[in-house]
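Going letter by letter, the sequence shown gives residues 1 to 626 in this note's numbering.
Since the hints were made in silico from the structure, they are not lab data. It cannot be assumed that every hint is accurate.
Claimed, not checked - Label pairs and their calculated CB-CB ranges: (1) Gly249 x Asp350: 24 to 34 Å; (2) His316 x Glu91: 31 to 41 Å; (3) Ala580 x Pro549: 19 to 29 Å; (4) Glu308 x Ser436: 24 to 34 Å; (5) His220 x Glu186: 44 to 54 Å; (6) Leu368 x Ser436: 53 to 63 Å; (7) Ala221 x Pro253: 28 to 38 Å; (8) Ala237 x Arg93: 44 to 54 Å; (9) Ala180 x Ala7: 29 to 39 Å; (10) Ala449 x Gly525: 25 to 35 Å; (11) His475 x Ala580: 27 to 37 Å; (12) Tyr590 x Ala449: 14 to 24 Å; (13) Val396 x Gln591: 34 to 44 Å.
Since we're looking at a predicted model, the values are computed, not measured. We treat Cβ as the ideally placed atom computed from N, Cα and C, and that holds for glycine.
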Amino acid sequence: MLDLLLAEAPERAFEALSSRLPDGHPLVEKAMRLRGVLEQHRRREAELAALYETAGDLSSTRDLEAVLQSIVRRARALLHTDAAYLMLHDEERGDTFMRVTDGIRTTEFQTARLDMGAGLGGLVAKSGVPYSTADYFADPRFNHTVDDVVGLEGLIAIQGVPLTRAGRVIGVLFAANRRARPFSQEEVALLISLANHAAIAIENASLFQELHRALSELTHANSVIRENSLSVERAAALHTKLTTIVLEGGGMPDVAATVAQVLDASLAVFDPRGQQVCAAGPVTLTSDSAPDAGACPVRAAVRQACRESTARRRTHRLAVDGLPSLCVTPIVAGTDVLGVLVLARDGLDDSDVRSLERVALVTALMLLNERSLTEAEHRMRGEMLDDLLSPRMEDVDGIRRRAALMGLVLDQPVTVLVARGRTSDLRRLLVEEAASVAHQNQGIVAEHAGSTVLLLPGDTDPGARARDLSSRLSHTSGVPVTVGGAACAGGVPEVAAAYRDAARCLEVLLTLERDGQGASPADLGIYGLLFNQSGREELERFVQTQIGPLLDYDQQRHSELARTLTTYFQCDGNLARTSAALYVHVNTLYQRLDRATQLLGAGWRTGDGALQVHLALKLRQVLSAS
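With these hints in hand, go ahead and build the complete structure from the sequences.
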């Protein structure tokens, strides 16, 4: 028995030897089992060797046809089937077509096409799931629309597995017999492995095609560049210097200076709002004395480039009296305009335009990199700020360490500024502008609860800092931006408390319709009492004393007497203006005012009574907002 095993003898040799042993001898059964195990190992070794050879084909040849033919041939040999073939998906026609075959005899089968869902292969292509059948024609799972082609070839047992790339089915690999027999799970797994190699081969072929296409485009570009050697040298010098700037972490001023030097021109860089970021060269392209678009044609062209739709974005040439020839090109990334470049040069030609467009690409990469870094920093600061201002504030030491890594020591005096505009589309702009303030003062800025929050070292006059920040943000955004400020002597809980005071101060300013202003609690006069508990309770008692009956009446009857009186005082007691503001008839207004007199007494409309009631109504608004 051992000799037979060592000699890898056929099964009939074991049967001949077993006839010489008693029936049921255990040695025969064990020998046959051992032979089966050894046979399975040899088969698995052959499969792995085939897969290894296939992988070697993928790495050693770029001929897609040869690799696919090798995969199909090995699938047929390893699975001991009569035929093997591979079909690919045709995206334009929405079906699959025969790509490679081995062991197929008929021309009809070699040129066959399958609709999605038709036959076994169409079902695999549509579902992306392997299918096998021992007798195709007797299997009711399949749509038998191609039986004539399959019958002509004489195939009966068929298995198919999907070829997938990037999560989608691009084809099907088949193994088939001309006799009925089932396929084992090991055979299905082997065919799937070969299909994966085929998908890789197709992917590699696509990459090689893209590479060849890219090389072809580069060759064409080089031929165009060679037409003018001077342009080549200038473009190469510019490219080298711009690459150096990018690798060394240079900024926009470095780009402007380099372009101006290499092209012997003047260059100005503008942001998406049309504001000049930097400039270089002998010619001044914009004038501070004429900053509006109507008075400065260059600014008008820049703003027009920023407003253009995606389909219309292109480089423009511009003629302006008193200036050399101008070229205006947007700095574009996807659908976003990141800025605009303006080049001025006598004798501006097409090569200069192309150079400027290349500069725009490099500039876009730099700006995108800066934006990515800035957004990452904002996220880190926002997370730290969220933890700092969280009501739970679980890790005080961790917050303190994270703030220190960002350059702010929370145990020292800190000023907190909270800014907000009336519209939400300004939030990103406010954060970006506030970031420059934070950078100048070694502070940090982030967005929290819909507002821009700025933490600055020091506690010098938070009201003045709030007013300065409000003025700067309002000027930059073009709309009023309101800022509340508060300061503390240091400490993580104290900074959180200062934030709450600053946010409450902001809400009070907005409630008092003081948009575009900045203030601290000390700047709010009587409303500053809101920032300590005893003062707030005193104000609430004052409101209840002065207009309590009015508020109770509104709550019980769902009326609007408090709103009516507030509007009445805002309109300086003018009945016509008050009724128009409330959208009610003047008789309705008379009835509401009479009801208020019944509740508050006759003196509420004149003198000190009017002052007290008006103040109480204002305080009620502020108390509700804060």
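So, going through the hints one by one against the coordinates:
In this structure the supplied range 24 to 34 Å holds for Gly249 paired with Asp350, their Cβ-Cβ distance being about 32 Å. For His316 and Glu91, the hinted distance range of 31 to 41 Å is satisfied, since their beta carbons lie about 39 Å from each other. For the pair Ala580 and Pro549, the beta carbons lie near 27 Å from each other, so the given range of 19 to 29 Å is met. The supplied range of 24 to 34 Å is met by Glu308 and Ser436, whose beta-carbon atoms lie about 27 Å from each other.
Distance hint check: the CB atoms of His220 and Glu186 are about 52 Å apart, consistent with the given range 44 to 54 Å. Our hint of 53 to 63 Å for Leu368 and Ser436 is violated, since their Cβ atoms are close to 19 Å apart. For Ala221 and Pro253, the Cβ-Cβ distance of about 29 Å falls inside the hinted range of 28 to 38 Å, so the restraint holds. At roughly 51 Å, the beta carbons of Ala237 and Arg93 sit within the given window of 44 to 54 Å.
Range check, Ala180 to Ala7: about 34 Å between beta-carbon atoms, so the 29 to 39 Å window is met. In this structure, Ala449 and Gly525 meet the distance hint of 25 to 35 Å, their C-beta atoms being roughly 26 Å apart. At roughly 34 Å, the beta carbons of His475 and Ala580 sit within the given window of 27 to 37 Å. The supplied range of 14 to 24 Å is broken by Tyr590 and Ala449, whose beta-carbon atoms lie about 43 Å from each other.
Range check, Val396 to Gln591: about 58 Å between beta-carbon atoms, so the 34 to 44 Å window is missed.
Checked against the numbered hints given earlier, this structure breaks hints 6, 12, 13; the rest are met.
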